[in-house]
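Asker: Sequence:
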Amino acid sequence: MDYITFRLRNPNAAERLVDDVEAAIRKRLEMPESFEPYPSTRDREHPYFTILVRNFTVFYVVIGDTMEVRRILYGHRDMRNLLQ
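Numbering (the numbering used here), first residue to last: 1 to 84.
Certain hints may be false.
When the alpha-carbon atoms are kept at most 25 Å apart in a straight line, the in silico DMTMM-like pairs for lysine to aspartate or glutamate are as follows [to be verified]:
1) K27 <-> D65
2) K27 <-> E15
3) K27 <-> E68
If you anchor each label on the Cβ, the simulated ranges turn out as follows [unchecked claim]:
4) F6 <-> G75: 16 to 24 Å
5) N10 <-> R42: 30 to 38 Å
6) T5 <-> E33: 30 to 38 Å
7) S40 <-> T5: 15 to 23 Å
8) L8 <-> E36: 31 to 39 Å
9) P47 <-> G75: 31 to 39 Å
10) R44 <-> D78: 17 to 25 Å
11) Y74 <-> F35: 31 to 39 Å
12) I63 <-> A13: 28 to 36 Å
13) T5 <-> V69: 28 to 36 Å
Just so you know, these hints were derived from the structure itself, not from any lab.
If you're wondering where the values come from, they're calculated on a predicted model, not measured in any experiment.
A virtual CB, placed ideally from N, CA and C, is assigned to each residue, including glycine.
Work out the full structure, taking the sequences as your base and the hints as a guide.
Answerer: Structure (C-alpha coordinates):
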(Lines of atoms letter the chains of each structure in order from A and count residues from 1; the text may use other names and numbers.)
(Lines give C-alpha, C1' and ligand atoms only; values in the text may rest on other atoms or scores of the structure.)
Protein backbone atom coordinates (compact mmCIF):
# COMPACT_ATOMS: atom_id res chain seq x y z
CA MET A 1 0.00 0.00 0.00
CA ASP A 2 2.93 2.30 0.74
CA TYR A 3 4.25 1.70 -2.77
CA ILE A 4 0.94 2.65 -4.36
CA THR A 5 0.39 5.59 -2.02
CA PHE A 6 3.85 7.15 -2.01
CA ARG A 7 5.81 5.81 -4.98
CA LEU A 8 2.93 5.87 -7.46
CA ARG A 9 1.33 8.81 -5.62
CA ASN A 10 -2.15 7.35 -5.75
CA PRO A 11 -3.56 7.07 -2.23
CA ASN A 12 -7.12 6.63 -3.54
CA ALA A 13 -6.12 3.54 -5.51
CA ALA A 14 -4.32 2.16 -2.47
CA GLU A 15 -7.39 2.67 -0.31
CA ARG A 16 -9.66 0.99 -2.88
CA LEU A 17 -7.28 -1.97 -3.05
CA VAL A 18 -7.29 -2.33 0.74
CA ASP A 19 -11.09 -2.22 0.71
CA ASP A 20 -11.24 -4.89 -2.01
CA VAL A 21 -8.76 -7.15 -0.19
CA GLU A 22 -10.67 -6.80 3.08
CA ALA A 23 -13.98 -7.58 1.35
CA ALA A 24 -12.52 -10.69 -0.33
CA ILE A 25 -11.09 -11.92 2.98
CA ARG A 26 -14.39 -11.36 4.80
CA LYS A 27 -16.24 -13.28 2.12
CA ARG A 28 -13.76 -16.16 2.29
CA LEU A 29 -14.16 -16.37 6.09
CA GLU A 30 -17.43 -18.21 5.51
CA MET A 31 -15.62 -21.31 4.16
CA PRO A 32 -11.83 -20.75 4.09
CA GLU A 33 -10.88 -24.38 3.44
CA SER A 34 -13.42 -25.08 0.73
CA PHE A 35 -10.90 -24.20 -1.98
CA GLU A 36 -7.96 -26.23 -3.24
CA PRO A 37 -4.66 -25.51 -1.44
CA TYR A 38 -1.94 -23.70 -3.36
CA PRO A 39 0.56 -26.24 -4.73
CA SER A 40 3.81 -25.84 -2.80
CA THR A 41 7.22 -27.39 -3.28
CA ARG A 42 7.74 -27.06 0.46
CA ASP A 43 6.24 -29.29 3.10
CA ARG A 44 4.18 -26.87 5.20
CA GLU A 45 2.47 -27.55 8.49
CA HIS A 46 -0.48 -25.48 7.26
CA PRO A 47 -1.12 -25.35 3.51
CA TYR A 48 -1.49 -22.03 1.76
CA PHE A 49 -4.80 -21.08 0.20
CA THR A 50 -5.21 -18.16 -2.16
CA ILE A 51 -7.64 -15.37 -2.97
CA LEU A 52 -7.26 -13.40 -6.19
CA VAL A 53 -7.96 -9.69 -5.87
CA ARG A 54 -7.32 -7.69 -9.03
CA ASN A 55 -3.61 -8.18 -9.85
CA PHE A 56 -2.77 -9.44 -6.37
CA THR A 57 -2.83 -12.83 -4.69
CA VAL A 58 -3.62 -13.11 -0.98
CA PHE A 59 -2.02 -16.17 0.63
CA TYR A 60 -3.51 -17.45 3.86
CA VAL A 61 -3.48 -20.48 6.14
CA VAL A 62 -6.17 -21.91 8.37
CA ILE A 63 -5.11 -22.80 11.92
CA GLY A 64 -8.00 -24.19 13.95
CA ASP A 65 -10.78 -21.65 13.54
CA THR A 66 -8.42 -18.83 12.53
CA MET A 67 -7.73 -17.67 8.98
CA GLU A 68 -4.29 -16.02 8.99
CA VAL A 69 -3.13 -13.94 6.02
CA ARG A 70 0.54 -14.67 5.38
CA ARG A 71 1.36 -12.70 2.23
CA ILE A 72 -0.11 -10.44 -0.39
CA LEU A 73 1.90 -10.53 -3.61
CA TYR A 74 1.62 -8.67 -6.87
CA GLY A 75 0.47 -11.13 -9.52
CA HIS A 76 3.30 -10.49 -11.96
CA ARG A 77 5.98 -11.64 -9.51
CA ASP A 78 7.61 -15.08 -9.60
CA MET A 79 5.46 -16.57 -6.85
CA ARG A 80 6.95 -20.05 -6.97
CA ASN A 81 10.35 -18.56 -6.26
CA LEU A 82 9.09 -16.21 -3.55
CA LEU A 83 7.24 -18.96 -1.68
CA GLN A 84 10.14 -21.40 -1.37
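Asker: That 17 to 25 Å hint for R44 and D78 (C-beta), does it hold up?
Answerer: Roughly 19 Å apart at Cβ, these two residues keep to the hinted range, so it holds.
Asker: Taking 25 Å as the top limit, are the C-alpha atoms of K27 and E68 close enough?
Answerer: holds (14 Å)
Asker: Please test the hint of 15 to 23 Å on the beta carbon pair from S40 and T5.
Answerer: Violated, since S40 and T5 (Cβ atoms, about 31 Å apart) do not stay within the stated range.
Asker: So does N10 sit 30 to 38 Å from R42, Cβ to Cβ?
Answerer: At roughly 35 Å between Cβ atoms, R42 and N10 fall inside 30 to 38 Å, so the hint holds.
Asker: Holds or violated: are the alpha carbons of K27 and D65 at most 25 Å from each other?
Answerer: Given that 25 Å is the threshold and the Cα spacing comes to 15 Å, the pair holds.
Asker: Per the hint of 31 to 39 Å, is the separation of the Cβ atoms of P47 and G75 within bounds?
Answerer: Once the Cβ atoms are compared, 20 Å apart, the range 31 to 39 Å for G75 and P47 is violated.
Asker: Evaluate the given range 31 to 39 Å for the C-beta pair formed by Y74 and F35.
Answerer: With Cβ atoms ~21 Å apart, the hint is violated.
Asker: Starting from the hint 16 to 24 Å, judge whether the C-beta atoms of F6 and G75 obey it.
Answerer: Since F6 and G75 have Cβ atoms about 21 Å apart, the given range 16 to 24 Å holds.
Asker: Given the hint that K27 pairs with E15, test it: the Cα-Cα distance must not exceed 25 Å.
Answerer: holds (18 Å)
Asker: T5 and E33, beta-carbon distance inside 30 to 38 Å?
Answerer: holds (33 Å)
Asker: Is the distance from the Cβ of T5 to the Cβ of V69 consistent with 28 to 36 Å?
Answerer: violated (19 Å)
Asker: Is 31 to 39 Å a correct range for the gap between the Cβ atoms of L8 and E36?
Answerer: holds (33 Å)
The structure fails to meet hints 7, 9, 11 and 13 from the earlier list, while all remaining hints are met.
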